[in-house]
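Trainee: Here's the letter readout for the chains.
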Amino acid sequence: MKPVRSPLTGLLLPVAGFAVLAALPLIFSDAFFVAAVTLAFLGAAASLAWNLSGGYAGQLSLGHAAFYGLGAYVSTILFLKAGISPLIGMWLGAIVSAALAVFLGAITMRLKGSFFVMSTLAFGAVVHISAINLRDLTGGPSGLAIPLRPSPENLIFAKKLIYTYVALVLVIVFYAITRMIAASKIGYALVAFRENHDAARALGIRTLPLRIGVFALSAGLISICGTVHAQYYLYVDPDSVMGLNLSLNFALMAIVGGLGTAYGPIVGALLVSVVSVVMQAYLGDQISGLTQLAYAAIVILVLLVAPTGLGPSAHAFLKRRMTWLS
Amino acid sequence: MAVLTATGLTKRFGGLTAVKNVSFIARPGEILSIIGPNGAGKTTVFNLLTGFVRPDGGSVSLDNQDFRGMSPESRCRAGLARTFQIVQPFRGLSVLDNVVMGAMLRARSIEMAREIARQVLSDLDMSALCDVPAGQLPIGDRKRLEMAKVLATSPRALLLDEVMGGLIPIEVKRMIDFIRRLRERGIALVVIEHHMNAVMQLSDHILVLQNGEPIANGAPAEVTRDPVVLSAYLGANFALSGS
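Residue numbers (our numbering), protein chains in the order written: chain A, 1 to 326; chain B, 1 to 243.
No lab work stands behind these hints, which were simulated from the structure alone. It is possible that part of the hints are untrue.
Said to hold, decoys possible - In silico EDC-like cross-links for lysine to aspartate or glutamate, where the CA-CA straight-line distance does not exceed 20 Å:
#, chain 1, residue 1, chain 2, residue 2
1, B, K173, B, E30
2, A, K185, B, E115
3, A, K112, B, E111
4, B, K173, B, D141
5, A, K185, B, D141
6, A, K185, B, E30
What you are looking at is a predicted structure, and each value in this text was computed from that prediction instead of being measured.
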């Protein structure tokens, strides 16, 4: 049987999917729901960026919150101290993040498996602690507040719904970038590295420069999400833009949805966000900690039922059903 | 066409000398077999040739290009490819994508690599298996896939590490035919093989290793009559009474 490479999986399905996503906040226009969708979109974009390196190359990073936070801080500090628009600041943040990723990658990408994970964890902690301690620059633990001056060039909007669509644009652009890379020689080389490093080397596939390059791209893209985060909350502090929780979430969304697939992080982000919002709404005022407990239970359940992630597992299930029927 | 030359290759692992002073020349359109008992250092020789292990002494060159200090990736790019004794498929990927990984080296785009991969798979009678995940293949097909992957890199010199291992007789016969066709294409071939029948049918030259050292080197008929070789394989008594 030939693989299904119809236009349906190629372009039609993603376009339809994004149309549904775009319609969501218009159909359910209640403020609570729009806020949840916005955060889900922003999480999806960040997880897509994470997935380029963590999913395709299999280089599991638990330090990406550092890049996310850098994006938030660089644009915010430039905006507050020099009046530079976040539309420019986000690119500068991305450049800083990408440069730092090249530096980190050049040192740590020779490490294998869990050793690499540990190094990213340490890197994330160092950047987080630095943000807390560089008080003059970052405002320390109390963070930085951005004055509400709505205007497109400040990337500040009075209508929260606009942020929802800004985040959705990021999702679509990052998804397109992912698809392009996955279908290229670069994507194949990354997968070869992930699946079997020695076999890749024996076939003449040079992965180190590619892995560093994609790590930098991943860091730069997630950094842009950080800038949008800052403009959405109009507030930046170390724990909320650089905390370990955040790094874990970027990875978790991709893993739950389908690691190393273009749509996986989007599916994962939507599910994770829906679950956490519902949990908070219904269990929030009950026993404290119950929300996190239930959330963890659901994540474990999903991974037990769909070990390769929701997307790929559903796909495999449908395929089995189809062959059974035909 | 390329000549693969190994000169005085030596490798020590701690106190053990795994490979000692191994030299040979593999010429285009010829098959050199390396044989020897388990642990003789055959696979280590391949690791030294391809750069997965750094030698303590000696050198490797392809034509006049010295491979000193070059990575396995660069050596493959220069035209020296290998298979692994324990096959190394990309398990999660389809057979076609596995071969595409090899074909990328000489192709400008994935589409072009796919064309090359399809051609190589058809040469190996594997076209029907294109969409099968590599992890699900039986061992005989995995060995052929291992071969397809490296052939897709268009090597000028090719090292085959026990590609007959685990094959049933009909598959061995097909593999022998296929290796002969590779020789006709002018690829310099170095083969490690335990399947003596295949070795005798294929080899133009045989190099015998024991405890890492070359103990014989020559045409198949000479080598199999060599008392040193017989005693290494079958024990000293047999060699004496046999001669």
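Trainee: All hints are to be evaluated individually against the structure, with a verdict given for each.
Mentor: Cross-check of the supplied hints:
Proposed proximity of K173 (chain B) and E30 (chain B) is supported: the alpha carbons are some 19 Å apart, at most 20 Å. A hinted pair counts as satisfied when its Cα atoms are at most 20 Å apart, and K185 (chain A) with E115 (chain B) qualifies at roughly 14 Å. Of the supplied pair hints, the one linking K112 (chain A) and E111 (chain B) is violated, its CA atoms being roughly 31 Å apart against a limit of 20 Å. Distance restraint check for K173 (chain B) and D141 (chain B): the Cα-Cα separation of roughly 14 Å lies within the 20 Å cut-off, and the hinted pair is therefore satisfied.
Between K185 (chain A) and D141 (chain B) the CA atoms are separated by roughly 26 Å; this puts the pair beyond 20 Å, and the hint is violated. Straight-line distance between C-alpha atoms of K185 (chain A) and E30 (chain B) comes to about 34 Å, which puts the hinted pair past the 20 Å bound.
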